[in-house]
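Based on the provided sequences and hints, a complete structural model is requested.
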Amino acid sequence: MALTSDILLSKVKDFLGEDLISSTDTFGILSVNISASRNIDLLEFLHKDAAIQMNFLTDITGAHYPDRKGQEFEVIYHAHSFVNNIRLRIKCPLPLENLEIKSATSLYSGANWMEREAYDFFGIIFTGHPNLKRILNVDEMDYFPMRKEYPLEDQTRTDKEDDYFGR
Amino acid sequence: MIILEDKNKNITLDPLKKVDETELTTLNFGPIHPATHGVMQNILKVNGETIVECEQTIGYIHRAFEKIAEHRPFYQITPLTDRLNYCSSPINNMGWHLTVEKLIQADIPKRVDYMRVIIMELSRIADHLVCNSVIAADMGALTGFTYVFQFREKIYDIFEEVCGARLTTNIGRIGGFERDFSPAAHKKIKALLQEFPKMFNEFKSMLERNRIFMDRTIGVGGISAERALNYGFTGPNLRATGVDYDVRVMNPYCSYEDFDFMIPVGSSGDVYDRFMVRNREIEESLKMIKQAHDNLPEGKYYAEVPEFYLPPKEDVYTKMEALIWHFKIVMGETDVPTGEIYHAVEGGNGELGFYLVSDGGRSAYRLHFRRPCFIYYQAFSEIVCGGMISDAVMTMSSLNVIAGELDA
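Residue numbers (my numbering), protein chains in the order written: chain A, 573 to 739; chain B, 1231 to 1638.
No lab work stands behind these hints: they were computed from the structure. Some hints here could point you the wrong way.
Which chain A residues face chain B? A few, computed with CB under 10 angstroms, are given here [as the list claims (entries may be wrong)]:
#1 Y637
#2 H650
#3 L666
#4 G682
#5 L704
Listed next, the in silico EDC-like pairs over lysine to aspartate or glutamate satisfying Cα-Cα at most 16 angstroms (straight line) [to be verified]:
#6 A:K705 x B:E1285
#7 B:K1530 x B:E1253
#8 B:K1332 x B:E1534
#9 B:K1520 x B:D1490
#10 B:K1275 x B:E1253
#11 A:K720 x B:E1296
#12 B:K1340 x B:E1487
#13 A:K620 x B:E1296
#14 A:K583 x A:D621
#15 A:K720 x B:D1589
#16 B:K1417 x B:E1456
#17 B:K1543 x B:E1408
#18 A:K585 x A:D621
#19 B:K1418 x B:D1524
#20 B:K1332 x B:E1537
#21 A:K720 x B:E1300
#22 A:K705 x A:E725
#23 B:K1332 x A:D597
#24 B:K1420 x B:D1524
#25 B:K1297 x A:E725
#26 B:K1520 x B:D1488
#27 B:K1297 x A:E721
#28 B:K1417 x B:D1524
#29 A:K720 x A:E644
Some chain B residues close to chain A (C-beta under 8 angstroms, calculated; not the full set) [what the hints assert, rightly or not]:
#30 K1332
#31 G1583
#32 H1598
Even for Gly, the Cβ is constructed at its ideal location relative to N, Cα and C.
This is how it looks when you write it as structure tokens:
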């Protein structure tokens, strides 16, 4: 029997119980909001479960929602089961005060750089990561540039001499 | 390669034998080494010519596309995607257009889909041609490289005929194409379909059963299917290990389900398999272009999405409504539906994904590019350790790491 998102959702619900906060199914992908502490449990369950076989981690990324008090950050996983050809989006909200979440590197080697990227841009701390340092930005950077409080440079500013760059 | 220190006194031949750190030489492979074909650094610890340790540094051409995208209306994000995998820009452009069209639930005419397939497969050929000829060039056989580049040139001529640009194409619009294929474009596509196989057969016969080439590539830089999946490999590099995952078949987009093509797979995931898989894919792409071009449906070359697709210029001058749409699009004043979307296309290197969060404003709230290069390049260290420096060069070129995509 083909694995549909309804069956997948009920399986996730059975496994997580209270830790499944909410779920939506839009644009062809089932998306679940879960407690951040259960992220690796769920990924491992999806990986090991014989009926789901979700053994491919497509992507890890972060997002910043400054207006959501208590859940300002989000870590987003995209998992994919080649056997059943079904994708799942797992979203783990994190509060600004405690940006720690367990690393998926023990399960997927590919998570290494993706988590470093999420750390680099959002400052999310992946505990258990073997080498959590900046990846695309310079090591000396002391802020996390993808957070919403850092705007792009104002294009109309006049205090900078940019003659050489044709501005 | 610049030798930083040479304290190599006793060369041990067994690569797995633990050697004292002081006996190892540190080599900088990159960031401006010609064989990295892009700006990335590999700090190699070598024992003689055997690589013991490899540490990668990337981010030399990071341009903060994800941040810039949060401040731009959707149509201005297309030029950013050009600069991801610049060997196959049209695929990135169309991947982005398809993502937006999925969000606004546009009804795309069949003709647009077929035209897109032609352009995307052409750029896949261009991408694979560069990669495969560079493998040979890196081992000293420059002939194939100069030879296939004539045909890459012809593919770029077609892009130029369709959109006016060659490398960073910004081809198409949200909703379709800015103009229909011109008669000259059709002629050039036809000519390419006719001439390409002859050249390509020569290129293949030069390398595919070449003793030297085979000795240099078979069993070099291999990775198992299990490890490749664990690392998040996609595209030809994953298929070379024997996993038949292709986004075009698994999650068909852009009417790929209409076409008759095969997914070539390898078995050992080494340099030779990657080379062969790419060669076969070029042939499959050619088949698809032929099918799409022969069966190109009649109809419009754009969808009815006036909020996103610029009206014809003469209408802007004469019709009020067209002028309003034109103004709203150019000024980026079009609101978009809210939603969270992940759309993937099969890029030149694998699954190119767009994770878009739209809050209904004029620009994306969050846009993340799932760049295949970035994800599989981290396996480079594991692949090359225990091998020779010269093999690392070829492994690098066969993985087809494009710096623009790596660093976004």
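Taking the hints in turn, this is what the structure says about them:
A cut of 10 angstroms between beta carbons decides the hint on Y637 of chain A: the least distance to chain B is about 9 angstroms, and the hint holds. At a threshold of 10 angstroms, the smallest CB-CB gap from H650 of chain A to chain B is about 6 angstroms, leaving the interface hint in force. At its closest, the beta carbon of L666 of chain A sits 15 angstroms from a beta carbon of chain B; the interface hint therefore is violated under the 10 angstroms criterion. A least Cβ separation of about 3 angstroms between G682 of chain A and chain B falls short of the 10 angstroms threshold, and the interface hint therefore holds.
Annotation: L704 of chain A was flagged as interfacial toward chain B, and the flag is violated, the nearest CB pair being 14 angstroms apart, outside 10 angstroms. Of the supplied pair hints, the one linking K705 of chain A and E1285 of chain B holds, its CA atoms being roughly 13 angstroms apart against a limit of 16 angstroms. This hinted pair does not check out: K1530 of chain B and E1253 of chain B have alpha carbons roughly 68 angstroms apart, beyond 16 angstroms. A C-alpha spacing of about 14 angstroms is found between K1332 of chain B and E1534 of chain B, which places the hinted pair at or below 16 angstroms, so the restraint holds.
Of the pairs offered as hints, the one joining K1520 of chain B and D1490 of chain B holds, with about 11 angstroms between alpha carbons and a cut-off of 16 angstroms not exceeded. The straight-line distance between the Cα atoms of K1275 of chain B and E1253 of chain B is roughly 10 angstroms, inside the 16 angstroms bound, and the hint therefore holds. Between K720 of chain A and E1296 of chain B the alpha-carbon distance is near 12 angstroms, which keeps this suggested pair within the 16 angstroms criterion. The suggested pairing of K1340 of chain B with E1487 of chain B holds, with an alpha-carbon distance near 12 angstroms, which does not exceed 16 angstroms.
A threshold of 16 angstroms between alpha carbons decides the hint, and for K620 of chain A with E1296 of chain B the separation of about 33 angstroms lies outside it, so the pair is violated. Restraint check for K583 of chain A and D621 of chain A: satisfied, since their Cα atoms lie roughly 10 angstroms apart, inside the 16 angstroms limit. Between K720 of chain A and D1589 of chain B the alpha-carbon distance is near 14 angstroms, which keeps this suggested pair within the 16 angstroms criterion. The suggested pairing of K1417 of chain B with E1456 of chain B is violated, with an alpha-carbon distance near 45 angstroms, which exceeds 16 angstroms.
Taking the CA atoms of K1543 of chain B and E1408 of chain B, the gap is about 11 angstroms. The hint holds against a cut of 16 angstroms. Only pairs whose Cα atoms come within 16 angstroms are accepted, and K585 of chain A paired with D621 of chain A is accepted, the gap being roughly 14 angstroms. With a CA separation close to 14 angstroms, the supplied pair K1418 of chain B and D1524 of chain B stays within the 16 angstroms bound. For the proposed pair K1332 of chain B and E1537 of chain B, the alpha carbon gap of about 14 angstroms is at most 16 angstroms, so the pair holds.
Distance hint between K720 of chain A and E1300 of chain B is fulfilled; the C-alpha atoms sit about 10 angstroms from each other, no more than 16 angstroms. Proposed proximity of K705 of chain A and E725 of chain A is contradicted: the alpha carbons are some 25 angstroms apart, above 16 angstroms. Distance hint between K1332 of chain B and D597 of chain A is fulfilled; the C-alpha atoms sit about 14 angstroms from each other, no more than 16 angstroms. Between K1420 of chain B and D1524 of chain B the CA atoms are separated by roughly 10 angstroms; this keeps the pair inside 16 angstroms, and the hint holds.
Between the alpha carbons of K1297 of chain B and E725 of chain A the distance comes to roughly 11 angstroms, so the proposed pair stays at or under 16 angstroms and holds. Annotation: proposed proximity of K1520 of chain B to D1488 of chain B holds, straight-line Cα distance about 13 angstroms (limit 16 angstroms). Of the supplied pair hints, the one linking K1297 of chain B and E721 of chain A holds, its CA atoms being roughly 12 angstroms apart against a limit of 16 angstroms. At roughly 12 angstroms between alpha-carbon atoms, K1417 of chain B and D1524 of chain B fall within 16 angstroms of each other, so this suggested pair holds.
At most 16 angstroms may separate the alpha-carbon atoms for a hinted pair to count; K720 of chain A and E644 of chain A meet this at roughly 10 angstroms. Taking 8 angstroms as the C-beta contact cut-off toward chain A, the hint placing K1332 of chain B at the interface holds, the least distance being around 6 angstroms. Look at G1583 of chain B: its Cβ gets to within about 6 angstroms of chain A, closer than 8 angstroms, so that hint holds up. Using the Cβ-Cβ criterion of 8 angstroms, the hint placing H1598 of chain B at the interface with chain A is satisfied: the shortest such distance is roughly 4 angstroms.
The earlier numbered hints that this structure contradicts are 3, 5, 7, 13, 16, 22.
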